[in-house]
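**Q** Taking the hints as your guide, dock the two standalone chains into a single complex.
These protein sequence lines map, in sequence, to chains A and B.
With the numbering used here applied, the first sequence covers 638 to 945.
With the numbering used here applied, the second sequence covers 6 to 230.
It is worth saying that the hints were derived from the structure and are not from the lab.
Values in this document were obtained by computation on a predicted structure and should not be read as measured data.
Virtual Cβ for every residue (Gly too), placed ideally from N, Cα, C.
Among the hints, a few may not be true.
Per label pair, the in silico range of CB-to-CB distance [stated by the list, open to error]:
#1 A:R655 - B:S75: 30 to 36 Å
#2 B:D11 - A:S665: 56 to 62 Å
#3 B:K69 - A:V932: 29 to 35 Å
#4 B:R190 - A:A849: 37 to 43 Å
#5 A:Q689 - B:T76: 54 to 60 Å
Within a straight-line C-alpha distance of at most 16 Å, the following computed EDC-like cross-link-like pairs (lysine to aspartate or glutamate) qualify [unchecked claim]:
#6 B:K219 - B:E24
#7 B:K94 - A:E853
#8 A:K852 - B:D92
#9 B:K99 - A:E853
Spelled out, the chains give:
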Amino acid sequence: MMRKLEYYFRETASGLRRNGVVAFAAMSTAFIALFLFGLALLISKEFDLVIQAWTGNLQVAVYLDDPVAGDTVARVQQKLDDLPVVTEIEYWDKTITCEQYNNLFANQPVFLEGVDCRATIPTSLRANLNDAAQFDQITAALACEDQIDDDGSARQVCAEPGVLRVSDFSALLDRLVVITRVLSFGVLAIAALMLGSAIALVANTLRMGMFARRKEIGIMRLVGATNWRIRVPFLIEGLVETLLGAATAVFALFLVKVVFIDQLRGKIQFFPLIKNSDVLAVAPWILIAAAVVAVIAGTIGMRRFLDV
Amino acid sequence: MIKLDDVTKTYRNGVTALEDVSLDIDKGEFVFVVGPSGSGKSTLIRLLLKEEEATRGNVFVAGKHLARISTWKVPHLRRNIGVVFQDYKLLQDKTTFENVAFALEVIGKQKHVIDQRVPEILDYVGLGEKLNQYPDELSGGEQQRVSIARACVNRPLVLLADEPTGNLDPNTSVDIMRLLDKVNRIGTTVVMATHDQAIVDAMRKRVIELDRGKVVRDQSRGVYA
Numbered sequence: 638m639m640r641k642l643e644y645y646f647r648e649t650a651s652g653l654r655r656n657g658v659v660a661f662a663a664m665s666t667a668f669i670a671l672f673l674f675g676l677a678l679l680i681s682k683e684f685d686l687v688i689q690a691w692t693g694n695l696q697v698a699v700y701l702d703d704p705v706a707g708d709t710v711a712r713v714q715q716k717l718d719d720l721p722v723v724t725e726i727e728y729w730d731k732t733i734t735c736e737q738y739n740n741l742f743a744n745q746p747v748f749l750e751g752v753d754c755r756a757t758i759p760t761s762l763r764a765n766l767n768d769a770a771q772f773d774q775i776t777a778a779l780a781c782e783d784q785i786d787d788d789g790s791a792r793q794v795c796a797e798p799g800v801l802r803v804s805d806f807s808a809l810l811d812r813l814v815v816i817t818r819v820l821s822f823g824v825l826a827i828a829a830l831m832l833g834s835a836i837a838l839v840a841n842t843l844r845m846g847m848f849a850r851r852k853e854i855g856i857m858r859l860v861g862a863t864n865w866r867i868r869v870p871f872l873i874e875g876l877v878e879t880l881l882g883a884a885t886a887v888f889a890l891f892l893v894k895v896v897f898i899d900q901l902r903g904k905i906q907f908f909p910l911i912k913n914s915d916v917l918a919v920a921p922w923i924l925i926a927a928a929v930v931a932v933i934a935g936t937i938g939m940r941r942f943l944d945v
Numbered sequence: 006m007i008k009l010d011d012v013t014k015t016y017r018n019g020v021t022a023l024e025d026v027s028l029d030i031d032k033g034e035f036v037f038v039v040g041p042s043g044s045g046k047s048t049l050i051r052l053l054l055k056e057e058e059a060t061r062g063n064v065f066v067a068g069k070h071l072a073r074i075s076t077w078k079v080p081h082l083r084r085n086i087g088v089v090f091q092d093y094k095l096l097q098d099k100t101t102f103e104n105v106a107f108a109l110e111v112i113g114k115q116k117h118v119i120d121q122r123v124p125e126i127l128d129y130v131g132l133g134e135k136l137n138q139y140p141d142e143l144s145g146g147e148q149q150r151v152s153i154a155r156a157c158v159n160r161p162l163v164l165l166a167d168e169p170t171g172n173l174d175p176n177t178s179v180d181i182m183r184l185l186d187k188v189n190r191i192g193t194t195v196v197m198a199t200h201d202q203a204i205v206d207a208m209r210k211r212v213i214e215l216d217r218g219k220v221v222r223d224q225s226r227g228v229y230a
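The shape of chain B in the complex, shown without the other chains (with noise of 0.2 Å):
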């Protein structure tokens, strides 16, 4: 599902980022990324995304190789990928359904898919009863959950989550992990970077730690140290 060999990345400012990176993570599984802050796990979401591209060395995501996809069609890689942020990113002057429904709008999707689907997701990530509620009527938990379902509603092969529980006390973050794994089970793949080391040993998946650029550790059923 996500494939690098041998990536490097290079800031233009000189900054190495990511150096001589290797991975290769399978459809459905659940991979922690964890390492100090400036190791490169915001780096390796945004190659990813196609936000950035690597300076030496080739990315598969969803069988494609994302140097050789054009510019116009990276929209399109970007609807097979959820992304969920620390700081949530939603919009504060829509309420809980439009900001799911924004992510189905923005793509075209007719109304009664939009009608079909945002409540049902909204109900899986359990805030079936708050979809009229404005983010700053709901809790931290809360909103990570909306955020959960904006990237998921469009039902993504992938779900990248990038501190999702970095604003969030150990019980919320315990729940988040639980709608994550929940995710999981349904067959998306999952890779989350975080410095949380209560939830990596905790959860007993696949990690992988990165330190200054480099993969120092890629181990199954992994503990954050």
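Pulled out of the complex, with its shape left as it was, chain A reads as follows (with noise of 0.2 Å):
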């Protein structure tokens, strides 16, 4: 056994040898192709952490007709309290409403001048969402709807009395979401694009090391070498040349997460960052994407060239 791993070893590395050059072509392709993988893998890691962090405390707003009558508050908030989705229901009156407009527009005199905060901004009820994506929830349970007006703008209506409307963030979400899709389907194109020259490129190695070969080969067939023995010294050239190329990758991308995103770190609020531990996760996807590429390149480098 040990025999024969030494053996398989040593013709792999005489192989390595030979081949250098287009060896160092396979591998650097390899690499590419896996560091564009992995950074696939990434950016729709990021994505994930964005949309979490930025709907997991994601507020609804249900706006009152204004002014208030007398049980809408209680009646509403209790129908909101029977949704699973809600987890935290707050009523802000005007005086609440007035203090947050007053935060809010704090740099833009206009705004606070211009405007009769307790005239102009109705009351509502604040409802915190355990999950963004149920948001529909709170207009069905309001019975709200778009509908076009004559002018041909929407406008939402709801049934529930008074109730005015509800802050309707689907649309940003939806957008999110689309976004996150187009991103990383995009890197992962190019990604499968890369894996393929790379499949292609490391079939070609093997393939003129067999060529540089074929004397030896020939002579191994003749004293009845089994295809394995032949074969495996060319897979494992392979795997080592892509396997040095998913390493070399897992490496580029520690590097990126280093330069790049861990100076980003604390300068943007409510936008959390990816972390060591997830460079570390994409680790394994590289690996086993590496050794598809070379199982892949092996069997289609060998095909043509050894049938008994």
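**A** In structure tokens:
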């Protein structure tokens, strides 16, 4: 067994030496492909984090008709409370509403002076959701629907008495999800293309290696070496090339994280960033992709060469 | 040991290399296959190695029906067959010892087996002193001896030789024939394709003559023509 292993590794090493430049080209392509692949995974992870952070403490405002009729607050509050998605409800009366308004526009006196807050801003119930995607539970419970006015503009109308409208985040959320999908799909598509060329290059390296050693292979066949005995050194060679590429790719991803991501840390609020553990979690996938590239390249590269 | 039943081999380009060839070669025989170039000698050897499949008819080697053995068992068939070529087919970057050891190494033999058998067989072919020389440091005859040593080191039942003296001068050829005769005397069946008339006439062994793919003569203790 040891002897067999020794044989395989000696053959692999001499193959890599002989084939140096081409092996290097295959390794670098594998590196770039696997790096992009890892980058795609990290980008979608980053977007997951951001979406989670932004929507995790999403607050929905249910604006009430002004002035508020006697039982409206208690009734609507009860309705919202019954929804499983709602974790907390707060009533913003005119005092709180105007405080928030003043805070929000503290730097823009035009808004503060020109607007009579108490008269124009309606009071509201603020509901915290544990899952932003379940936002439509709120609109359903209050029977709110989008209606198109005669002039073509959309307007939300709620059947629940005393409710003016519900602040709608769904459009924003949808857009975020679309951006995430497009970005990670784009990067994944590039990565897939690169993985394809990595397969082609590794396969080509193996083929050149087999061509350079066709005399040896011919003799091996004549003296009765099994196909696997002939193939395994080349398979290992391909695997070594892609795994070296994978190791470099993981290293490069860490580098990107330290050089670019860590510089941003603490500078942008409410914007969570990927951590070392996220890069580490991507590493096994890169290794698996590397192995898959090697196996496919091996199958393609040796198919024609090794009919008995 | 070797048996062909009405074997025909037609290549994909339409050329018929062998036509209705029937042969029976016993264990321990020494057989010359003679005939002009293109008469089918090499095709016969390729069929025996299962490098090519017969288009029609059955080929048996060492008790195996070649058409019926599966692809993955072909290597095991070849371990029973040694082959020697006109151009020696030695690896230039390996020494005499390494060239012979290579044949055992790639079929997974243990190091101690290799260390024992390789010097033994090289001694047997008369190269006991040249273990560490590279092929380009050896004469043609010596290189052919290395190639015979490599073919015999795994103790095959059959030795196939395709024009083994084709590149050698007459004296060296005689030496090589003595060696093949020696290999034959220890029980190895030897099939040698050649058009070296002097050798065939001198050896007085069984001669099978092929002409355009057909057996035109099968004579024991024969001469070239």
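**Q** It remains to establish, for every hint, whether it holds in the given structure.
**A** To see whether the hints hold, each was checked on the structure:
no., hint, in the structure
1, A:R655 - B:S75: 30 to 36 Å, "33 Å, holds"
2, B:D11 - A:S665: 56 to 62 Å, "58 Å, holds"
3, B:K69 - A:V932: 29 to 35 Å, "33 Å, holds"
4, B:R190 - A:A849: 37 to 43 Å, "40 Å, holds"
5, A:Q689 - B:T76: 54 to 60 Å, "55 Å, holds"
6, B:K219 - B:E24, "5 Å, holds"
7, B:K94 - A:E853, "9 Å, holds"
8, A:K852 - B:D92, "12 Å, holds"
9, B:K99 - A:E853, "11 Å, holds"
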